[in-house]
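Chains as they are written, first to last, in UniProt numbering: chain A, 1 to 222; chain B, 1 to 222; chain C, 1 to 222; chain D, 1 to 222; chain E, 1 to 222; chain F, 1 to 222.
In short, the hints are calculated from the structure, not lab data. Be careful, since some hints might not be right.
As the list claims (entries may be wrong) - Derived SDA-like pairs: lysine to any residue, alpha-carbon spacing no greater than 20 Å straight-line:
| # | chain 1 | residue 1 | chain 2 | residue 2 |
| --- | --- | --- | --- | --- |
| 1 | C | Lys120 | C | Leu147 |
| 2 | C | Lys53 | C | Lys91 |
| 3 | C | Lys3 | B | Asp92 |
| 4 | E | Lys120 | C | Ala144 |
| 5 | E | Lys190 | D | His139 |
| 6 | D | Lys3 | E | Pro54 |
| 7 | B | Lys53 | B | His31 |
| 8 | C | Lys190 | C | Ala144 |
Number of protein chains: 6
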Amino acid sequence: MQKLLTGIHQFQEHVFASQQKFFERLADGQHPLALFITCSDSRISPNLLTQTKPGELFILRVAGNIIPPYGAVHGGEAATIEYAVSVLKVKDIIICGHSQCGAMGAILDGADLDKLPAVKSYLQHAESTKRIVTENYPHITDPAAKLSLTIEENVLVQLENLRTHPSVAAATGRGEVKLHGWVYQLHTGKVFAYSAASGQFMPLEDLSFPVEHDTTRELLAI
Amino acid sequence: MQKLLTGIHQFQEHVFASQQKFFERLADGQHPLALFITCSDSRISPNLLTQTKPGELFILRVAGNIIPPYGAVHGGEAATIEYAVSVLKVKDIIICGHSQCGAMGAILDGADLDKLPAVKSYLQHAESTKRIVTENYPHITDPAAKLSLTIEENVLVQLENLRTHPSVAAATGRGEVKLHGWVYQLHTGKVFAYSAASGQFMPLEDLSFPVEHDTTRELLAI
Amino acid sequence: MQKLLTGIHQFQEHVFASQQKFFERLADGQHPLALFITCSDSRISPNLLTQTKPGELFILRVAGNIIPPYGAVHGGEAATIEYAVSVLKVKDIIICGHSQCGAMGAILDGADLDKLPAVKSYLQHAESTKRIVTENYPHITDPAAKLSLTIEENVLVQLENLRTHPSVAAATGRGEVKLHGWVYQLHTGKVFAYSAASGQFMPLEDLSFPVEHDTTRELLAI
Amino acid sequence: MQKLLTGIHQFQEHVFASQQKFFERLADGQHPLALFITCSDSRISPNLLTQTKPGELFILRVAGNIIPPYGAVHGGEAATIEYAVSVLKVKDIIICGHSQCGAMGAILDGADLDKLPAVKSYLQHAESTKRIVTENYPHITDPAAKLSLTIEENVLVQLENLRTHPSVAAATGRGEVKLHGWVYQLHTGKVFAYSAASGQFMPLEDLSFPVEHDTTRELLAI
Amino acid sequence: MQKLLTGIHQFQEHVFASQQKFFERLADGQHPLALFITCSDSRISPNLLTQTKPGELFILRVAGNIIPPYGAVHGGEAATIEYAVSVLKVKDIIICGHSQCGAMGAILDGADLDKLPAVKSYLQHAESTKRIVTENYPHITDPAAKLSLTIEENVLVQLENLRTHPSVAAATGRGEVKLHGWVYQLHTGKVFAYSAASGQFMPLEDLSFPVEHDTTRELLAI
Amino acid sequence: MQKLLTGIHQFQEHVFASQQKFFERLADGQHPLALFITCSDSRISPNLLTQTKPGELFILRVAGNIIPPYGAVHGGEAATIEYAVSVLKVKDIIICGHSQCGAMGAILDGADLDKLPAVKSYLQHAESTKRIVTENYPHITDPAAKLSLTIEENVLVQLENLRTHPSVAAATGRGEVKLHGWVYQLHTGKVFAYSAASGQFMPLEDLSFPVEHDTTRELLAI
Ligand SMILES: [Zn+2]
Ligand SMILES: [Zn+2]
Ligand SMILES: [Zn+2]
Ligand SMILES: [Zn+2]
Ligand SMILES: [Zn+2]
Ligand SMILES: [Zn+2]
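Given only the sequences and the hints, what does the whole structure look like? Please build it.
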């Protein structure tokens, strides 16, 4: 605790004091560029990763970057998303998973969860992730490969859940909000983004921009 | 009531008696081709419309052909879908809306719903439909056109909800189940199907078959 | 899928075309005689069984013809029932179970349900069925007899659940709606109806009509 | 508060001390005769009313003696009922409403409930009561008569809800538990019991005993 | 049942008749001193214990005197508390546990609860009690001592839950309502009250009155 | 979006590359000092404010730093808290509100929330905040002062909610976890901490450390 208190003192003495005007203007209101959804894992610092300043990222952080479908729980995820899209009018929503995610590990070995009833209950919103990994990739047995797969598939599953939120469904329908699925790799610092064109996660720097991709409803047979 | 009793008698005397072998074999088990999800509206008869016999369609019918996202309610929709996909291994799931749908009308004029608390509560699972119609198509004011739009958009919204069900997510992911969005037009008998290629509903007969369409994850920017 | 598309074409060419007037009139509105609640099982065709035409039966179909008590889930069952009674003013509600019902089988061997979490969750609304069969009929051990008993008891349990829905409670109280419990036997085509007078299910044809039976509150000791 | 502390002292000095053997034996276990469900209203004292001693009545008290149907809330009502029936094996369950009930008054004038969100939410489990009174007795406009009617109808509605609890459904089915609907009249001390034979509430003393009444399933048309 | 009917007759003949004025005045309205929350256990009689008359205690009784946190269930507990505080303006709320409590015993041996699903579900609101006993007192292994500890800790846990109810949070904040945690010992008739000063439960008679204790927010580090 | 992509590139080139060892070690596991709960507001950067590095703060961020009581929703808040306390063994939990919080503003003018149903639903978990401000401080009418009060009271209310989570209740009971209530002031960079000793929020630098404060159960009258 002492470390945090000392840090706050340093922040006030050095950071805030040297950019006082900037911080004072912040108090007038926020106009974030994006809603950044990621895990609560201490090793992720969204502002550090994207080199953004206060005021630029609206941030939702919960264990496993899991987003229950709309109506499934009347919790903070739905309210935060609705506020970001309908009030703050963010233009992009990123769901950013990460390597070595403990919550994703918990999906794979469910046995240990009896002493973690709240975690167990929450992971029902990643049941699709579990079934996709178990049923569709039975040949992947290497634990590390399986965890990586789970992390990627979960980002895609949570994007599906995200799309059931009415504010998101309406805003993506009229092209005002774009959805992005990323995975941050802790030991390399790399970020991989899902590419619909290639159907896989690719290093962010390999993707050409702007990606003009119609986000709507290409999902149906017939 | 007397009409139903007379009808059952006729069924037994004429229909069952003349095809007794067929009906007896049915009792051995069911192997339906598809899960057909439609409204409870009395004017829809799925077997008549598709000229199918008993044993061919597993049928889920609720007002407004609304499918709450997975986890939102522990009701019959989720159980019926899971049973169809995981136990019966259906190959196709059709969500079939219809013209002149009373539930869709109720979405548009919410004022009357105070005396219908259960309907009101259920329509929260079509909140995306409402927002898409209201926010994205403000220029459509003609009541009939607005209702038609609502019916079509709702089919697409419920398909999104359907995709959050784990059994569906996993089975579509490995290509074992295909999803279809239809609207049945009461006064013409026509069926319109959503075509991802054209981004609109088209007469079923105008679509060439088989449609080879990848159902997975083309929905993301970047 | 091709079979359904061919069937729809046949419907349009032959059925709709030959009764065009009838179908066009249907589009003006619906005035169904009854709300027919039955299982999603593909082998049941309510219109075929009752020899009714489009417009005559408002139909609710979910696995196991289970109706959660009012307030237990904000799902499609409650909304559909409320709409049928309060808006469409149906005069009769039939809950129709059937022989060889897979959902009822699942009640009896709960062990297999770990891979069917949505089904398992839904069956809590048939917990009374399970307890009645297990506790009150321990002497019935023959699997087929036990399944038949379960199917019958479940119809009665779901009728109790149905009576907790406010629209039903009020309408039955003033005699405007009557409730009926049926079981359809797949291999004989017979329908058995619960007779309060005899306290058992009897072949529909053996019951004299009209049955004048006070549906209200004869259920209490003292 | 002081009054309660003084009372407890008196209880210990006079009541407990004079019947020490009786109280000590109580600590060995409880074998109550009945589950007595009534309102939290301070003017009702179940033990005083029935002249019973500690150990004789298992008592569930919540505002308005409202019992949510099984599955509607995972609250104390369901657990208390299940414990009484399945563990304590009570032979009778009494739901006892009372005159001048504030919760029943709240049903009739819903306007005041915006500042009482928990009460408002709870009263959804008495929605049937409200609809029965409003729809089936529009001619009763005298406030006192309307409140009396509401109190009586609510007892009957809650008995219906009670019957959806699996332990109750099974135990009444095999005749081990009987259900009773009573109303206690504060200003006369009289108790009125619902008589299925006469279809109305009658003074308890006017009912001959034992009443042999089959509690099961006489509720259905056909 | 006959015993209760005889008791009511005696009440009417002897108790009510001899104090008719008192009972008639009661019908004018209630002004209880306190909200008394206790277990449904038949061996507890709040009015007998506190030597109070009808009209003096508003009483909430559910198995295990468990109070779900606000928002956790829309059940009778929240409504009853809100009504007591916001409408009746009670000055004190007592949560009174008791020795030999069956519900508390059930917390300790969870294995038997599979046949009591409603009890099991309800006990999640005493999950804190279970974890405190299990994790913080592993050295207490004597069953009787463990049960006593569980009963005491549960009273404190439920007081925490009680404090999340908005009416209670606001009223305690302005000093209008005081909260009390008691345990009633069946075989001695003694009542033990939690003393914040000493951090333990003490015999009620050993506590000096009035206890002037600030109830608000002394709970935080820093 | 382009800004984020450029930022990530800069992070990789400059930050990660220059401290590669540090980041690689992070991938081995996390051992955060504290669970930091704050609002999703873009103007807050917990790592910047506390001058902490990746790996030091486990971070939960939702609109309004609202924590539903345990059992109220099966959402991300409960799972994240349980994981932080039971698995990661954090020693401190900080709930950090902030000035100019939009969610707190929404509590005060509820009228605008009809178009934000998810926000409205979520704010029920701050109902205590609303009632405390409205009922206990009617004399505070200046909007800025009222908002400041709301922000502070909400931190205290959410700390109460936090204490109902079993992992927190048990861990604080044995002194392993300490709870802290802070408010970050955007335009001054100051942090105010709740001081139980003085009963108010005070500048963090004015508080002497270490504060040895017993966190347990001093909250009860008698
Ligand atoms: Zn993670
Ligand atoms: Zn319809
Ligand atoms: Zn079936
Ligand atoms: Zn009352
Ligand atoms: Zn007890
Ligand atoms: Zn904020």
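Going down the list of hints, with the structure as the test:
1. C:Lys120 with C:Leu147: 18 Å, holds
2. C:Lys53 with C:Lys91: 17 Å, holds
3. C:Lys3 with B:Asp92: 12 Å, holds
4. E:Lys120 with C:Ala144: 32 Å, violated
5. E:Lys190 with D:His139: Violated, at roughly 55 Å.
6. D:Lys3 with E:Pro54: Distance ~14 Å between Lys3 (chain D) and Pro54 (chain E) Cα, so the pair holds.
7. B:Lys53 with B:His31: Holds, because 12 Å separates the two Cα atoms, which is no more than 20 Å.
8. C:Lys190 with C:Ala144: Answer holds: Lys190 (chain C) to Ala144 (chain C) is near 17 Å, not above 20 Å.
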